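With the hints as constraints, model all of the structure from the sequences given.
Just remember that our numbering sits 18 ahead of the position in the sequence shown, which is counted from 1.
Please keep in mind that the hints were generated in silico from the structure rather than gathered at the bench. It should be emphasised that the depicted structure is a prediction, and the values quoted were computed from it without experimental measurement. By construction, the Cβ of each residue, glycine as well, lies at the ideal position given by its N, Cα and C atoms. Hints are all accurate, no fakes.
Straight-line Cα separation of at most 20 Å, DMTMM-like style, residue types lysine to aspartate or glutamate; simulated pairs:
no., residue 1, residue 2
1, 243, 253
2, 75, 209
3, 256, 36
4, 258, 36
5, 75, 149
6, 249, 36
7, 243, 255
8, 256, 246
9, 250, 105
10, 100, 246
11, 243, 105
12, 249, 105
Pair by pair, the computed Cβ-Cβ distance ranges are:
no., residue 1, residue 2, range
13, 79, 139, 15 to 21 Å
14, 276, 204, 20 to 26 Å
15, 236, 272, 20 to 26 Å
16, 184, 236, 23 to 29 Å
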Amino acid sequence: LKEDKYTPSTTWKQRMSEVWNTLCSPAVWQPLSFIFIFTTLQVSNAAWYQYQYTVLKFSSVEINTFFVANYILLYVGVMIYKQYLREYNYRFVYIGCVSVSSLFSLLQILLILQINQLLHIPNFVFALGDEAFSEFAYGIQYLPTIIMMSHLCPVGSEGTTFAMFTSINNTAIALSSAISTYLLNIWDVSENALKSNNLTGLLYLTILTSCLQGSGLLFIRLLPKGVEDLKKLDEGEKSKIGGTVLVTVIILAITMAIVTSILNVVSPGWMG
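In structure tokens form, the structure reads like this:
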């Protein structure tokens, strides 16, 4: 095969200009806005592991078993999407995954109220299924995000643009973690409260985080239905406002995540 041995390189300024033009495209800022908002709203219950240690008396081995099962089900979810769900539109996949994930998140309420004991299901088995299947749902919705990002990269700046897209996703994850930390201050979910079997705050926090995780679907119309829909958006008029708002929000989110992380290290328990 004939290949060009040397290809012309672009300057840093040219690459930044290409990235900015890419961000202004409705095929980019709309789905990226959805991914950012949706990922940010996947707020976890930051007091959950403390509950498992303090109240349910799970050992370190049992907690680590959760992590192993999570990664296995995450991989299975990715494979299932690759083999069976690639032809389905992105909105259908997200709606299905969020519905399953929210359902299993709400099942934590049954564990808090110990209703699983009435069903003769051990705490460990019930908690394992809850966490693992939530990761399974996340694995299914992971590939559509990557596929969208790969189609949005302009020729010549694929590496820079894809790195920016993944950074946006990672920023949303960090922001979601910061929000989960702030939510700990709403109700009393401290170790002392859990030890005294005061689980009201944990119950309310579980309901709140479950609702937040499902609320991402309110922005589903920002997500294209598939690759063809993405191409149609790319033909639309570019919006500097859309690109500017997206960049501004991301910068603020990065700042918030960094400040929260520093406070967590410098002053543990600063949220009270």
